[in-house]
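Chemist: Residue strings, one per chain:
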Amino acid sequence: MSSLVKCPHCGLRPREEFAIRGEVATPRPKAGADESAWFDHVYLRDNPRGEHREYWHHAGGCRRWLVLSRNTVTHDISDVVDASTLKVGGDA
Amino acid sequence: MTSFRIEGGTLIDRNDVRSFTFNGTKLSGFAGDTVASALLANGKQVVGRSFKYHRPRGILSAGAAEPNALLTIGRDGRRDPNTRATIAELFDGLEARSQNCWPNVDFDVGAVNGLLGPFLGAGFYYKTFMWPAAFWEKVYEPIIRKAAGLGRAGYDPDPAYYEKCWAHCDVLVIGAGPSGLAAALTAGRSGARVIIADEGGQLGGGILAEGGMIGDKPADATLADIVGELHALPNVEIKTRTTIFGAYDDQVFGAVERVQKHLPESAINPDRAMERLWRIVAKHTILATGAEERPIVFGGNDRPGVMMAGAMRTYLNAFGVAPGKRVALFANNNQAYQTAIDLEARGIEVAAIIDPRTCPNTRYQGKARHIAGAMVRDTDGRKGIKSITVRHDDGRDEVINVDALAVSGGYSPIVHLACHRGAKPVWSDQHAGFMPPETSDGMTPAGAVAGNVGIASCFDAGAKAAVAALDALGFSAQPANLLGSDKSDDIRQDIVALWSVPSSMGKAFVDYQNDVTAGDINLAMREGYDHVELAKRYTTNGMATDQGKTSNVNAIGILAENKGVSPGEIGTTTFRPFYTPVSFGALVGASKGFEFQPVRKSPLHGWAVRNGAKFVETGLWYRSSWFPKDGETFWRDSVDREVLNVRSNVGICDVSTLGKIEIFGADAAEFLNRVYCNAFLKLPVGKARYGIMLREDGLVYDDGTTSCLAENHYFMTTTTALAAGVLTHLEFCAQVLWPDLDVRMASATDQWAQMAIAGPKTRDVLSQIIDDDISNEAFPFLAAREVSMFGGRLKGRLFRISFSGELAFEIAVPAGYGESVADAIMAAGKEHGIAPYGTEALGVMRIEKGHVTHAEINGTVTPADLGMGRMVSVKKDDFIGQVMNLREGLVDPSRPALVGIKPKSPSDKFATGSHILNVGDEVSLENDQGYVTSMCHSPNLGHAIGLALVKGGPERYGEEVVIWNGLAGSAVAGIICNPAFVDPENEKLHA
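Residue numbers (the working numbering), protein chains in the order written: chain Y, 6 to 97; chain H, 2 to 992.
Looking at chain H on its own, in the form it has when it is part of the complex:
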């Protein structure tokens, strides 16, 4: 294939060739490759451009921390920007593109930004673009947005399906490297329910990068044995491609499983989730997340070809990819030497090992020249590294020609999940890293995250951590021995921290993704931003999509070194979810499109559809708002007709969405008496009563009718909007305030289909349906009782109540009978001109009648404000809102009160929300007299009418005012009037 692909590679299958494109160029790799390993195998060193300076960047790592190799993968709706090439698995037909470069990644115009370096240093946003202010929006921001930024989101909808799930286990093992595998196997053998999750496509973690032997067996054979046994254990759930992204209270973890992200379009099952968002509840957690290798901050450390030593080893052993032909290693610890050993074992020349330690005690016996007490201060090469400049301990510089440089500055334990709940990591000089905090809430770190070095030590730590956890959970467990007979020695790191190379030439990068240099951090300190949280924000170090996985500890080290304190004294910034970016698709889950929220349909929905209803969404409900007939082109044509038809003939309206609550108990009457402000104690059986509920602060909460259907049995209706709120309120009153009352309640909203039949011909229609006598004498206004229907075939609940102001009944039948009953009423009413009416007509008629809704009950009004002050009982001992309703401010006679309002000239219109001013007054808050709460066109009166809350209220009937609308810039003359525009004497109601 290419000279970069050599023999070996435990993860790849050379018989399964996969083709893909990179920036339009057709390339190929093997099954098991990541996009990164395939690009490296094809000799693609430059894969992107940097954020600020547009410098060419290559692949730095082999895992989740990758700051450079962010690609846009896929197209159209399946387009994922900012995908790390190092974790994206290669599939046939994959399309990958570089980001943040124009016109292309090899020649990028933005690279001239490099020349503007002096203006783009720390805090440049605050300094450079301050003046003139008007330039910000028009000039600076568009330029910055175009030049900076990473991948762009697509515009096409994502066709994939996502879902959310819960999982429960005794032991959650996070990370499937050697320590995680040993822990999972130990726990699995004990019979505990185990979940082991790893972000990679394969179990193994660090073992996958091992080329040699583990114990007395080859590494891949050892791994295969462990994985085989785990798969065979029915109590162990293995979740690969699953990132545990957050640790939350009560041992609940958030995880995202990339179920089908690694598959080509042709293999995607549309009925399976693309990704799953998991919430995992664990009794105990083994944190086996490993450690992140740190770069060293030196001049030119971002040149393509510079790579983490461990990553280079992974590409070599797991993917059979050589980094180059002549490699150097720059490292301050012993573990990194293994990379040099493995390179030489594959016949790759290691030109030099540069170690800043003066006399490192390593067991390296290879051929490479060993330069102790030295540092790399610069690199050279246009698009890839050609040479490094080494500063020797005697101050002499030496240029060494190499085509790749492995770097290791130490290991930062991946402590994120141990810190998400607020605990701070603890600095360790021995490990030159921040170690997980001591936690007591069921999480045990094990392996590299806890400072263990080497496979043997990690196996041991994982098994022991699991035994201790299982003991506490009551399982008897033996530590799994995965090494066989051989016991390897622990590797001594002997690390000496090196935060930055003092003699660096040119830019020495700390944060690759945000282009933050050591110079930027020093500048932030000089300017006073030396606190770790301030330095982070001033320089933007650690604020990119990688959240500083490779940069934060180096930045802290530089701050500490410059202040002459320990990194422990500087401390870390706060660790928060998410550990790595999570797609919006996974977070949204199934809640999009039709499944955005539940749809609540009235039991009469089908009837309304058959009658041509136009629906309106009110909360989750779909309510029929009007029923256009042939020839009606404008909504008001239909609404006006529906209103006039009710007033002169008869109409039928679906009111099933009103809240319905069944209330039972020996103290039910006393309970109602306490939750309504008006009297309910003596409501007789067979009667309905309008009631007003107050909040405890004395303002109106909700209104509705409650009927006494039998002794100790009541049926309450609420407004549609507050159906849930009122039930919750009643439950609070019953359970918390008055637990001694004998009262029980349940929502029955969905159990009943309820329809209003209104108009002067209502009885002519209903008498054909209802067997009982419904004459005014037998069934007077506010009567409410069960009735027989259809010759005894059905029982319903009949209420003589009216929102429209007409002679009206509401009939409730069990939900399943709703449509049939509505059809029967329509058939019976045909000869009387019955027509369905919707919520719009209902709204017009209630305004014509001066009835209030939540447009008026808006959280600022008392019953007196609504003209119902006399309903508030003065005899009751106690009811909700009684005391506060009498507060000075709520009984002030100058409070705005409900009135009707109409235009002086019938042709004038006005809008809800308009303010009322006295004639001749200037428009000012001081002169404000109130505002219009509702308005409509009254087809009965032939002009606009409205309800308003106006100072002085009913005392001002007949007075001329100005209806002022600041939004529309209009002011019309209006007349304050009685809000009962139609039938103020209630003659129709009682007919």
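Okay, chain Y solo, but in the shape it has when bound:
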């Protein structure tokens, strides 16, 4: 696990300031989407060896939700962006 995370708002900060929610899964479906889309969104998560995109919350800092691209083998973080700019969470 990375020791330091470069928050786009706060700079390089210790990972203890962050809370990890988990994989950036499929976007939140529209209300009328079929049940399988909702099951995928709520329950299905990958556990890849290698690149992984995750939601991290800078809970002890700017309180922004970030999307962090992390390699689960090398622990290298290749990218950290504010989640709101990606619009990956929902299509509603």
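Calculated directly from the structure, the hints in this document are not laboratory data. It is possible that some hints are incorrect.
Dumping the calculated DMTMM-like pairs for lysine to aspartate or glutamate here, alpha-carbon to alpha-carbon at most 25 Å [to be verified]:
1) K688(H) <-> D765(H)
2) K92(Y) <-> D668(H)
3) K877(H) <-> E22(Y)
4) K35(Y) <-> E732(H)
5) K952(H) <-> D922(H)
6) K602(H) <-> E22(Y)
7) K910(H) <-> E960(H)
8) K876(H) <-> D39(Y)
Listed next, the stretches of chain H that the computed footprint assigns to chain Y, with coverage defined by at least 3 CB atoms under 8 Å from CB atoms of chain Y [stated by the list, open to error]:
9) 244-251
10) 875-886
Predicted, not measured: the structure shown is a model, and the values here were computed from it. Virtual Cβ for every residue (Gly too), placed ideally from N, Cα, C.
Chain Y is already provided as a structure; the job is to place chain H on it using the hints.
Modeler: What follows is chain H alone, placed relative to chain Y:
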């Protein structure tokens, strides 16, 4: 002093005598001594007993790798077991004790274990104690625990203070031997921010053991020059007594600094940390950790008096301690010969040099007899070495009388920190050792860890490594030249690996600390445990507190030799932090006792204290749970009185700990509409609404009220427990799910003091405080707005909401005004019988009213399960949990649903967690009807009442069931009923 202390010793100060005790015997040494050097100077060869066989053991090394000389130092709360005597600095009054021996270190009953040797071999735990099974707990385990084991932890609290810190630098230099010093000086001169850390009390590492010249100056003068310049550089931070114990991701290193461990009790500053745990962030690291000299595995190689050649040289040159009068050297490399040279220079007889190499090409020209192609196969002597048996290359044995034996089997680079992140070290035949892996993440090995031999070569390597690192960081640097004009030749090691002496007599130890012999490793192989990781666990080689610093490579070599492969093919076991043991005190830091965790106090805490509250810890909060009055001896006396007083008069309760979130924005209403399952879009200004939040899986997450204070301004309350969780959830929804909504939020939990005033006389009290009209017409149930107080002197937020079911208001005022306002309300309510009530009374009243908390919202329930199914909007386009809430399993009519439960006989009691069974049914999972989620004694009804989640729910009101408690072994008759035990028509609420 003794014949073992001779002249010289660069580290000791003979004018500063220090007295200490060893196993109760008073001894003395000098300032600068380690406990080990002082013991050796006093002729104490036996310092401990071995782990399994209780063999007498002496001091093997002069550093962090020491496997034998583990002592308990100090007493009471300042008692440190398993302290390596070789790194513990001597102070006046130090108390040291041997471990793992009884009755004493010189005569140990456990030594009879030596006779049980055949039963204590590799895997003995798995073989010997298998049968009968019942014997394990009663017989074997207590015996093993008593006989085995090292030092014992103390029972007294440690009075010392510990702390944690961060440090940042451009270049971190790990190790302050010649290569580390050259690197630090090179980097320091360039202006880079440098941290140089060394586990010892003095900078110098290997230089400290040098007796002679470095370049054209004496070694100690050269060292003094370097150290002086480093101290003068403001950009260089020197950390002595600091062990870098772990390398973590992103160039973050863990370190422990023993700030005051070397001081006598009288000199300890209680306001300073005893130890500091550092996290050091480096841009580049120079790994200058050096190399560990390896023992040779031969018969009787654990006899006191057998010592690493380099350690013997350190004791001689740095501490002025002679190992004995007649010494032999057993070595397979050229560097070790320096020990013989230095011994002879001090007039100590070197009886023989035994070298397994057939024609070693050394430059040794001393007086010692040189025996090539030979090996030491045995040693003799009861508590210290008296003689060695040498096997010559022609098969002839020769006994040589000596009182000390220096041993060197080669050098293992200290690669740990280069491998903590998962990289594997690389075998080198040339160096007969595992070298640091090629790393690309900002760490450069330099010096002995990279295979350099000799001070000159290490100076050069350290300086060059620093220049390359500084270049990459943008500093312009010149390599520090520390040798002056003279250039020494590189020393050729010409090492020929020797993993074990084949002709060994008796036990030949590989791992001294865990008593693992060459025979054990061979046995593990014969039994199929020949993989390095399996052999380690089967034999326990390398699993002691020294983590195999002196034993692992020899064990790998023996495995490789027996399999006929290179040690590189066997590979190493995994390197993990910690490099050396770290005290729990350092890891805990300041987080103990009062500082164990932060204390959160409500803004009304002082008011509650003045009113005699008993507090309960809920998370970090201290909440007032009841307010005993004179004569009340039992908590329920107070709680029952508080409840009855609210129901008949008026009470005041601190509800400041509820989560409070301010929400603003043009889309705030739409946002609330999406996060609550019930409608919020049309909540008018000046109104509060109870809301239920679902999780996306359709189950209830949290509940609370949200009030519309102005257009686009809302004030949400959450439960105390989920205040942080709800805010995080809302932020996720706003930032990730719907970033296009115009909504902002902030926690205001600590900004407001909030109190509930409840009971039929509430208006009589509050009307004296609040300027606005609070009649039922002007301020009806669920009204919420800012009000003027105390004749316009203060503004507060008033909410007509009720958890107790009584006529009630909650008033929020800025936190700093909380206590004054609460005092004013108490004064105004005195004539109306106002009394404070705590969370216990609050809990009783909410159960009496059938209101739910997280006892019911337990992660398994839907709004319908709680009897609030009709609140879930069927008109909204979208809200969190909408789709999954309609899943087949969550709309099943047979799901357990909220009911009230009471005993059939009012005198019967039951407990939360009890299960509900139909009358006459057997107790079985299949017959389970549900369970009690909350219960209390209702002072209004005079008997126990509870809430329960029961199959069929409200359809079963009036039905008799069994309330079964398997833990207490009880079963009482109960009646399912409406959960609103008090005022089911809500008349009081709307009064």
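Chemist: None of the hints should be skipped; say for each whether it holds.
Modeler: Against the structure, the hints come out as follows:
1. A threshold of 25 Å between alpha carbons decides the hint, and for K688(H) with D765(H) the separation of about 23 Å falls inside it, so the pair holds.
2. A distance of roughly 18 Å separates the Cα atoms of K92(Y) and D668(H); the hinted pair therefore holds under the 25 Å criterion.
3. A C-alpha spacing of about 37 Å is found between K877(H) and E22(Y), which places the hinted pair above 25 Å, so the restraint is violated.
4. About 20 Å separates the Cα atoms of K35(Y) and E732(H), which keeps this hinted pair within 25 Å; it holds.
5. With a CA separation close to 15 Å, the supplied pair K952(H) and D922(H) stays within the 25 Å bound.
6. Taking the CA atoms of K602(H) and E22(Y), the gap is about 23 Å. The hint holds against a cut of 25 Å.
7. The straight-line distance between the Cα atoms of K910(H) and E960(H) is roughly 18 Å, inside the 25 Å bound, and the hint therefore holds.
8. Taken as a hint, the K876(H) and D39(Y) pair is honoured in the structure, with Cα atoms around 18 Å apart against an allowance of 25 Å.
9. Under a criterion of three residues with beta carbons nearer than 8 Å to beta carbons of chain Y, the stated coverage of the segment 244-251 of chain H is upheld, 3 such residues being counted.
10. Coverage of the segment 875-886 of chain H by chain Y holds [criterion: at least 3 residues with CB-CB distance below 8 Å; count 5].
This entry does not satisfy hint 3, going by the numbered hints stated previously; all others are met.
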